[in-house]
Amino acid sequence: MTTETLLQRAGELLAPFAKGANNPETNRLDVQIAASDLPTAASALMNASWGYLAAITGMDLGTEANELEALYHFCEGAAVTTLRIHLPREGCPEIPSISDQIPAASFFERELGEMLGVTVVGTPDPTRLFLPDDWPVGIYPMRQDFKQEQAAAVEPDKTPERGWAGNKFIVPIGPQHPALKEPGHFEFSVDGEIITGARMRLGYVHRGIEKATEARNWIQNLYLLERICGICSHTHTSAYSQGVEKLAQVEVPERALAIRELVAGLERIHSHLLWLGVAAHEAGFDTLFMYSWRDRETVMNLLEELTGNRVNYSICVLGGVKHDIGAQHSVSIHKALDYLEERIRYYLDVATTDSGFLQRTRGIGMMSLEEAKRFGTLGPVARASGVKRDVRLDAPYGAYKRYPVSIITDDRGDMEARFVVRMKELLVTCFTIRTIVDNMPGGGIVTRFPRKIPAGETVSRVEAPRGEAFYYIKSGGGESPTRLKIRTPSICNWTSVLNKAVGHQLADVPMLIAGMDPCFSCNDRMVTVRRKSDSNTMTWSELREYGIKKYGPRK
Amino acid sequence: MKIGSIFNDVIKSFFSAPVTEKYPFEKPETAVRFRGKLSFDPSKCTGCNLCSKDCPANAIEIVIIDRAAKRFVARYNMDRCVYCAQCIQSCKFKCLDMPNDDWELAALNKDSFAVNYGKDEDIASFMERFAVSKAEPVQEG
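Residue numbers (numbering that gives the first Met the number 0), protein chains in the order written: chain A, 0 to 554; chain B, 0 to 140.
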């Protein structure tokens, strides 16, 4: 189906609820609806299998307009449908939950509640997701009148509800936990070794990036957003520049777009090889971990040669790229790819034949096509369950029209399939990179870019190594954005992990979590808390006393 | 299914040289495009301050002593710098550069991170003015 017919279909489905509709861009449909119609409108889209919920953007329109806005973005192919709901700013704004129809919405709803002060009626878990437990009650950081001083830490009223009531055995894991090098807190209720329920808490690396973008100019934001993630930094700069360039109506040179895709490809290789090592480590296969990370150095060195840095490449600028790719670079790219391709084939063989390893991967974390669709899963995890979803293919951006990629799917849906999909994807990526290097378009690499961006809003989608990264950018016509919403793939994939963990053994949890290649830094973005004195030295016995006093004696 | 399909690689690796670099005994060569410590050429500067406007980390500031006589002092905070090279991109007169050979920047003292670039007499006159205002201690780099 073409984008036009998709949008037309969405328009027909939403017509009974629409209070107004328009097409802000050729691939977008914007429908205003009443808050009370939201669940039925979402059901209408879901029942017709129209797309998936990409993100919920909460926005404060300011004291003058005296309104809040909640935008529910649904994506299907290249088409983006936005349900726009106006809410009163004063009093207690309420919006009904859509978690029943769309399980993935529950994370976004928690975020909407804590950041903007919107009560989501009927959401399964209204507790905080990102903000710390000692964040003051009734202070909402994404409101426009929020001030840093308001974020002073307070003693929480009561000990935050950890776990569930009732006669259950709960195993808490994290925030500092054995499986991953990043902090996240999980609670698994277990019956013996078998998991019966799962819950999570994020925000331990929350840095307030969405809010911080509003105080920086368009160029400065590029480098702030690059630092969202230490692995897919190029994804964020390219998604951001692509959106801002669309808003500014600047035509980026073809050669610059090709270089962006090339770096994105190399980044994908680096990210998947890193994941291969981490996942092998979780499975207790440290030999594979060491070897894959050794080989990853090849692509890291290549990235350093092309861009000047191993991680934060900073090759994107608004209107193009910083560095050109010359003849000497194409020689080293081909040479590095020769080696990497051979190694990737070898790892593919190891991941599908080593009997010890297969015991940890085959049949573990099974997710059917229907489940993957229902949970809104993205990226290689979704493709390993047979979902043909990839922004590079659905909505070709940048140079992906010129150098298309083929999509790799697998219908088995277990951990092994996730290994296979990622490794095969790397072989495709290597092939694409070679094509780009050999058929580089001529011309300049950067074009002039205005300092002020005309007022407007846009959606920018990019396929990160982990799945789709979604940017919503709104400009008020000034030197900095009015609102920037970032939705990274990891947060969509959590829903599937938490749901799929049920019924597995506790020992499979590290593998399940590692299987989706989570990135906590990407999830956690928003607000920092400054305390006057937050350092405290305690001896072991003092700490014990403190614990007993805080949580009460053992019952 | 095979048992230990990675053994081949293990045996091969037994006989290959270690990949560890012997830094600091052998200084590795950095990539040509690697971004090291910033350098500044006051003779090309016009004092437009676009570099400091676009710096995401507030690491650079151009102090204008006499615009007509091209007397500028660049105050560079090495510890704030994120080495993104946007200042070089923003500068239309190519007076900034990040050479790849100057990268061993760790120090035991934070004072050495505040660097002033410019002609000696310009820095001296700037420091004099600065000492009067006594805003914060700055050391010559």
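Hints listed in this document are in silico derivations from the structure and should not be mistaken for laboratory results.
Among the hints, erroneous ones may be present.
What the hints assert, rightly or not - Keeping only pairs whose Cα atoms sit at most 30 angstroms apart, straight-line, the calculated DSS-like set for lysine-lysine is:
#1 Lys69/B to Lys11/B
#2 Lys423/A to Lys451/A
#3 Lys69/B to Lys245/A
#4 Lys11/B to Lys36/B
#5 Lys423/A to Lys1/B
#6 Lys1/B to Lys210/A
#7 Lys69/B to Lys21/B
#8 Lys451/A to Lys1/B
#9 Lys91/B to Lys69/B
#10 Lys423/A to Lys548/A
#11 Lys334/A to Lys26/B
#12 Lys11/B to Lys26/B
#13 Lys146/A to Lys52/B
#14 Lys423/A to Lys109/B
#15 Lys423/A to Lys372/A
#16 Lys210/A to Lys245/A
#17 Lys118/B to Lys451/A
#18 Lys400/A to Lys423/A
#19 Lys473/A to Lys69/B
#20 Lys210/A to Lys548/A
#21 Lys52/B to Lys473/A
#22 Lys451/A to Lys167/A
#23 Lys43/B to Lys334/A
#24 Lys118/B to Lys245/A
#25 Lys43/B to Lys69/B
#26 Lys372/A to Lys334/A
#27 Lys180/A to Lys400/A
#28 Lys52/B to Lys26/B
#29 Lys334/A to Lys210/A
#30 Lys451/A to Lys21/B
#31 Lys245/A to Lys26/B
#32 Lys21/B to Lys334/A
#33 Lys451/A to Lys91/B
#34 Lys91/B to Lys180/A
#35 Lys146/A to Lys400/A
Hints breached by this structure: 1, 2, 3, 4, 6, 7, 8, 10, 14, 17, 19, 20, 22, 23, 24, 26, 27, 28, 29, 30, 31, 34 and 35
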